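Peer 1: Could you put the whole structure together from the sequences, leaning on the hints where they help?
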Amino acid sequence: MMGSRATVVAAQLAIILLTLAVWQWAFDLKPYADWLVPGLLDPYFISKPSEIWTQLLRLACLTNPTGDWLLGQDGAVMACLAQNDNNLWIATLVTLTNTLWGFAIGVASGYIVGLLLGQSTFLSRVFEPFLVALNSIPRIALVPIVVMMFGIGDTSKIVTAWLLVFFLVFFNTFEGARQVDQTLVSMSRLLQAKDWQVTSKIIIPSTLTWVFASLTPAISFALIGVIVGEFIGARQGLGRIMMEAQARGQSSVMMATVIVLMTIGVILALGVKSMQTYLLRWQNTGH
Amino acid sequence: MTFAQRDLAVAPASVPANTGPVRIRARGLSKEFEIAGKRLTAVDRVDLDIRKGEFVSLLGPSGCGKSTVLNMIAGLIPASSGTIELDGKPLGAGHFSSKLGYVFQRDTTIPWRTVKKNVGFGLELAGVDRASRDRRVNEAIQQARLNGFENAFPGMLSGGMRQRVSLMRALVMEPDILLMDEPFGALDAHTKTDMHRLLLEIWERQHQTVIFVTHDLAEALTLSDRIILLSARPGRLKEEFVVDFKRPRDAVSLRETPEYAELFSRVWRSLGEEMSKVGA
Ligand SMILES: Nc1ncnc2c1ncn2[C@@H]1O[C@H](COP(=O)(O)OP(=O)(O)O)[C@@H](O)[C@H]1O
Ligand SMILES: [Mg+2]
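Residue numbers (UniProt numbering), protein chains in the order written: chain L, 1 to 287; chain C, 1 to 280.
Keep in mind the hints are simulated off the structure, nothing from the lab. Do not rely on the hints blindly, as some may be mistaken.
Computed cross-link-like contacts, BS3-like style, restricted to lysine-lysine with a CA-CA straight-line distance of at most 25 Å [to be verified]:
| no. | chain 1 | residue 1 | chain 2 | residue 2 |
| --- | --- | --- | --- | --- |
| 1 | C | Lys277 | C | Lys238 |
| 2 | L | Lys194 | C | Lys117 |
| 3 | L | Lys194 | C | Lys116 |
| 4 | C | Lys52 | C | Lys277 |
| 5 | C | Lys117 | C | Lys99 |
| 6 | C | Lys116 | L | Lys201 |
| 7 | C | Lys52 | C | Lys89 |
| 8 | C | Lys89 | L | Lys194 |
| 9 | L | Lys194 | L | Lys273 |
| 10 | L | Lys194 | C | Lys99 |
| 11 | C | Lys99 | C | Lys116 |
| 12 | C | Lys99 | L | Lys201 |
| 13 | C | Lys117 | L | Lys201 |
| 14 | C | Lys99 | C | Lys89 |
| 15 | C | Lys38 | C | Lys277 |
| 16 | C | Lys52 | C | Lys99 |
| 17 | C | Lys52 | C | Lys246 |
Bear in mind the structure is a predicted one, so any value in this text is a computation, not a measurement.
Peer 2: So, in structure tokens, the structure goes:
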């Protein structure tokens, strides 16, 4: 069957294998068929799967630069890690931590401000033009300023991630707060709900649906913010590894870092997605 | 009084002309809306006396101001002029009396709450402890034959079931006055009759004072002791009909009696005059 799960998985595997094969060997055909192989496939730019794999093991201190396993040897991994205060593990941890902080602070602050402005016609009318103007700035353009203000440590990365996440969550919450079903509010008041109960039992839950919808893009934005911050100026983090490798023309290192970033991105997105599915389980109507 | 205690009360077999105390009194009740700078009188000098334990229907063509009257009584919107009293005390907009229960035409189940938590919403707001909340909610759920769906979310339920949830959410608070705004208006004929049975069953045991808004004459005749007919916009009192069919009533067999047919055609003519004014 064309649509069966097994066929889909088989097709996906085929695509992966084909891509890896082209990536690995296509450029070797260049001397024989110049017209067939685009110059961009040059391993100088994109490296090769085998080299990337070797590089990953080396960066992670699982092997030494000559390719011998360090894993079995007493203290060898530790010694290798100790040589570099931005080894792959530390860099991943730093990038991940800053992403999660930026995400958390951005979601919380975006939500609170969105809720406040969304509930008050006065405040929303006062602030609307400012927010629209701020939102029109390509936020990435602020990164050099942020790094200058907050230094090359973690703070500037968290602030950058926050900048991206805040507006996203803010606008979603704001819209959600304005679209709260007013009949539900009337219904609650008729049941003697106090103001804070209307807020906590109707307005907050109904705006949360809007916020959850923004969490998946928000976590990607946070990661983008941190990486760009690290490009501009950092002592640690995956973005820093990328910049150093670029300066040295080490495409295998850059690619290895990209693989790590992709893995982080997928794991974060899946985590947020499953949280979202659980929290919004009532939206599954069963029809 | 709890639900269970009320169930033990014996209802009279038939309801004589109600001479109980007036619970809701409206005098000169009017409402004007402003739409695009133009004034529109939706309700014009309506007087009402609703007595204790009475089931009164407000009947009239769509747009004649029935909901507006009900919402002024409920305190959801202010009156432009006139007064409303509940048990002799003036009622004002923005003050919601705990004696009142309200059921909307629109689905007002809370989508992220299960059936149980929807029905218990008012009790939760009032800070009723979990044990007695659960007990009262369970009784209400049994009564509305929603058992088995306690933990379902409204999105999984039919329109009729959702409306039963809304009805029980109001009733579980034991209001002694029930305001209902075309609560079954969106339901198909069969589901509607089911709802009439349920409502009659509950009302005949507990005799809440009910103001029931509808544009459906059959529904008004089936349920009420009295029908107040409003004129086409602006809503004025047009005519009043006493519906003295014996109780308890059965929503289906009642409609086959000659008394029903006779009263139906009398009210129908009067309602028809108003309908033709709105071109309905
Ligand atoms: N909030 C409002 N603003 C302006 N006009 C309204 C509003 N509510 C009701 N109306 C108008 O008042 C009239 C009576 O409305 P309503 O009480 O809802 O009628 P009914 O419930 O009998 O169908 C209608 O013409 C309606 O358009
Ligand atoms: Mg209406």
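Peer 1: Does each hint fit the structure? Answer for all of them.
Peer 2: Evaluation of the provided hints:
no., hint, in the structure
1, C/Lys277 to C/Lys238, "holds (13 Å)"
2, L/Lys194 to C/Lys117, "holds (18 Å)"
3, L/Lys194 to C/Lys116, "holds (21 Å)"
4, C/Lys52 to C/Lys277, "violated (34 Å)"
5, C/Lys117 to C/Lys99, "holds (21 Å)"
6, C/Lys116 to L/Lys201, "holds (15 Å)"
7, C/Lys52 to C/Lys89, "holds (15 Å)"
8, C/Lys89 to L/Lys194, "holds (22 Å)"
9, L/Lys194 to L/Lys273, "violated (34 Å)"
10, L/Lys194 to C/Lys99, "holds (16 Å)"
11, C/Lys99 to C/Lys116, "holds (22 Å)"
12, C/Lys99 to L/Lys201, "holds (22 Å)"
13, C/Lys117 to L/Lys201, "holds (11 Å)"
14, C/Lys99 to C/Lys89, "holds (13 Å)"
15, C/Lys38 to C/Lys277, "holds (21 Å)"
16, C/Lys52 to C/Lys99, "holds (12 Å)"
17, C/Lys52 to C/Lys246, "holds (18 Å)"
Comparing the model with each earlier hint shows violations of hints 4 and 9; every other hint is respected.
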